[in-house]
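Protein chains: 2
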Amino acid sequence: MSDAAVQSPTGLSFPDALSRAQSQISQHIERVLPPREDDLTQSMRYALDGGKMLRGFLVLEGAVLHDVAPETALPAALAIECLHAYSLIHDDLPCMDDDDLRRGKPTVHKRWSEALAVLAGDALQTLAFDLLCDPAIGPPARQIALVRSLAKAAGHDGMVGGQWMDILAETRTAPYSLEEITELQQGKTGALLRWSAMAGPRMAGADPEPLDRYGSALGLAFQIADDILDVEGSAHSVGKAVGKDTALGKATFVSLLGLDGAKARAAALVKEASDALGSYGSRADTLRDAARFVVDRDR
Amino acid sequence: MSDAAVQSPTGLSFPDALSRAQSQISQHIERVLPPREDDLTQSMRYALDGGKMLRGFLVLEGAVLHDVAPETALPAALAIECLHAYSLIHDDLPCMDDDDLRRGKPTVHKRWSEALAVLAGDALQTLAFDLLCDPAIGPPARQIALVRSLAKAAGHDGMVGGQWMDILAETRTAPYSLEEITELQQGKTGALLRWSAMAGPRMAGADPEPLDRYGSALGLAFQIADDILDVEGSAHSVGKAVGKDTALGKATFVSLLGLDGAKARAAALVKEASDALGSYGSRADTLRDAARFVVDRDR
Numbered sequence: 001m002s003d004a005a006v007q008s009p010t011g012l013s014f015p016d017a018l019s020r021a022q023s024q025i026s027q028h029i030e031r032v033l034p035p036r037e038d039d040l041t042q043s044m045r046y047a048l049d050g051g052k053m054l055r056g057f058l059v060l061e062g063a064v065l066h067d068v069a070p071e072t073a074l075p076a077a078l079a080i081e082c083l084h085a086y087s088l089i090h091d092d093l094p095c096m097d098d099d100d101l102r103r104g105k106p107t108v109h110k111r112w113s114e115a116l117a118v119l120a121g122d123a124l125q126t127l128a129f130d131l132l133c134d135p136a137i138g139p140p141a142r143q144i145a146l147v148r149s150l151a152k153a154a155g156h157d158g159m160v161g162g163q164w165m166d167i168l169a170e171t172r173t174a175p176y177s178l179e180e181i182t183e184l185q186q187g188k189t190g191a192l193l194r195w196s197a198m199a200g201p202r203m204a205g206a207d208p209e210p211l212d213r214y215g216s217a218l219g220l221a222f223q224i225a226d227d228i229l230d231v232e233g234s235a236h237s238v239g240k241a242v243g244k245d246t247a248l249g250k251a252t253f254v255s256l257l258g259l260d261g262a263k264a265r266a267a268a269l270v271k272e273a274s275d276a277l278g279s280y281g282s283r284a285d286t287l288r289d290a291a292r293f294v295v296d297r298d299r
Numbered sequence: 001m002s003d004a005a006v007q008s009p010t011g012l013s014f015p016d017a018l019s020r021a022q023s024q025i026s027q028h029i030e031r032v033l034p035p036r037e038d039d040l041t042q043s044m045r046y047a048l049d050g051g052k053m054l055r056g057f058l059v060l061e062g063a064v065l066h067d068v069a070p071e072t073a074l075p076a077a078l079a080i081e082c083l084h085a086y087s088l089i090h091d092d093l094p095c096m097d098d099d100d101l102r103r104g105k106p107t108v109h110k111r112w113s114e115a116l117a118v119l120a121g122d123a124l125q126t127l128a129f130d131l132l133c134d135p136a137i138g139p140p141a142r143q144i145a146l147v148r149s150l151a152k153a154a155g156h157d158g159m160v161g162g163q164w165m166d167i168l169a170e171t172r173t174a175p176y177s178l179e180e181i182t183e184l185q186q187g188k189t190g191a192l193l194r195w196s197a198m199a200g201p202r203m204a205g206a207d208p209e210p211l212d213r214y215g216s217a218l219g220l221a222f223q224i225a226d227d228i229l230d231v232e233g234s235a236h237s238v239g240k241a242v243g244k245d246t247a248l249g250k251a252t253f254v255s256l257l258g259l260d261g262a263k264a265r266a267a268a269l270v271k272e273a274s275d276a277l278g279s280y281g282s283r284a285d286t287l288r289d290a291a292r293f294v295v296d297r298d299r
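Protein sequences appear in the order of chains A and B. So for the first sequence, this note's numbering puts the first residue at 1; every next one is plus one. So for the second sequence, this note's numbering puts the first residue at 1; every next one is plus one.
For reference, chain A alone in the conformation it holds in the complex (with noise of 0.2 Å):
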């Protein structure tokens, strides 16, 4: 086929796919978690107001990318914005982080409580898995898929095994290495990146594996811009506090490798990134699109 014959499945740009995915995913949170009046509801829904919705993008995009209907995919778009804020929650906590911004708002500890805090983040995680049993998303072998996969990036050698790598930091006396740093982001943010990408696949039941390599690259991408960020960005355009790497002598992908080799690693990997959607053709442009905003973002 030639690249004139091969549109992009949605036909927009990546700043246009985003907002859309935001619209959608916003309207199932009304359905799947209606306001009320309770505090706990109140702090969950707080929690997934105003994200960028990266996660459920990527979802969304995937899905488009193996032809299945948005209906199908938004329970599990959904699911991984929940996951997401319950470890934003979690890790603001003064035992943890200690964050009082975060998107530009008071986090939910600040706002409430601590206890709500860490109770609206459990809540949140357990939503993730129920929303992954919607049937919406088909045979229950494809729910069971999605159930493991995520189950596997978000535990203890996963996101929370990179949490935990996080936390350890600042008690060492050494600064980690590039490798461990990089399986630090491995574990933090790469794999609920990486979930997100092969979501799509997984519930086509097609191979996963392009979209893996591009997850996993555009994951590792997402952390050194964020590094750049903590170093260039105020707090202000960020939306929470920045400079505490540096403060507390922690590693980043600055400090190992400079700011300017952090900008040519970054830029290596969206290319990497976008080259792993070769056999998809321009019907993955948006993602290739994402991928280079993943990195000149602002916050």
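Calculated directly from the structure, the hints in this document are not laboratory data. None of these values were measured; they are calculated from a predicted model. Some clues are possibly wrong.
Have a look at the derived ranges for each label pair, beta carbon to beta carbon [as the list claims (entries may be wrong)]: (1) A:Arg31 <-> B:Glu37: 54 to 60 Å; (2) B:Thr171 <-> A:Thr171: 49 to 55 Å; (3) B:Gly243 <-> A:Gly258: 55 to 61 Å; (4) B:Asp16 <-> A:Thr171: 45 to 51 Å.
Stretch by stretch, here's where chain B covers chain A in the computed footprint (C-beta under 8 Å, at least three residues) [unchecked claim]: (5) 37-49; (6) 98-107; (7) 206-217; (8) 251-260.
The C-beta atom is built at its ideal place from N, Cα and C for all residues, glycine as well.
Got chain A sorted already, so can you dock chain B onto it with the hints?
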């Protein structure tokens, strides 16, 4: 069939059946979460150790009643123990119930740190859902039935919702009514016990209704017994702090019904639980024995 012809499927007394369940579940922990150097793994194993494993026992015993093999039921039995252990770790945190002692040992945040307690609890919740994806459970439809029902039981409309009601009790001007304290219990402790009782028939594709009624009555009896222990027990025998609810002026089944009234209600619930098992005949005697134990226990 005459009673004489229908033996309890295990032929074991409740203490022996519980002890066998503890041994089987502990062996499965060694397979699923073997010892490792890192504190995250160690704290997860620590939190799983030393409990009564009543929930896991209920899963295994309900499975036996439905001719589900132990190998099939073990992942679900360990899953509910992981879920329960996660809830205890988080419930013991300083911002929650602030307990130093659990199962006669220092709580995870006392033994290690609050950060690790948050993460170990998070990872144990994830592991619970991971375990329910074990192919040994049977076809994906059976696995998903367990995941979906556990997510409902554990989430904001189940256990976490009950925990939040419990936290709110400390700042309310008026103590909860009997109706409210029953709703709290149905979430906080009841939902997981019901799930445990129903897991066996769910794995067999059988009607879980009799075991649902059994689990509901057992769960309520369990909480009433807990409230009685909080008044009559010693920290030494119970293995955790006692007298806290009274000191906080929180409503309990004892404060609402009186000590004798609470004991009478618990006894009536034991009979209700036992009667719910009518269709199983004497095969369910071990479960009937379990209901009596729950009320007579000293920890």
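Q) Are three or more residues of the stretch 251-260 of chain A within 8 Å, CB to CB, of chain B? A) Check failed, 0 qualifying residues.
(Q) Is 49 to 55 Å respected by the C-beta to C-beta distance linking Thr171 (chain B) and Thr171 (chain A)? (A) 35 Å Cβ-Cβ, so the 49 to 55 Å window is violated.
(Q) Between the stretch 98-107 of chain A and chain B, are there enough contacts, at least three residues with CB-CB distance under 8 Å, for the coverage claim to hold? (A) violated (count 0)
Q | Per-stretch coverage check for the stretch 37-49 of chain A, three Cβ contacts closer than 8 Å to chain B | A | holds (count 5)
(Q) The hint says 54 to 60 Å between Arg31 (chain A) and Glu37 (chain B); measuring C-beta to C-beta, is that right? (A) 45 Å Cβ-Cβ, so the 54 to 60 Å window is violated.
Q) Is the hinted range of 45 to 51 Å satisfied by the C-beta distance from Asp16 (chain B) to Thr171 (chain A)? A) At 46 Å between Cβs, range holds.
Q. Taking the CB of Gly243 (chain B) and the CB of Gly258 (chain A), does the distance hold inside 55 to 61 Å?
A. Holds, at about 60 Å.
Q. Do three or more residues from the stretch 206-217 of chain A put their C-beta atoms closer than 8 Å to C-beta atoms of chain B?
A. As far as the stretch 206-217 of chain A goes, the hint is violated, because 0 residues have Cβ atoms under 8 Å from chain B.
In the structure shown, a violation is registered for the earlier hints numbered 1, 2, 6, 7 and 8, in ascending order.
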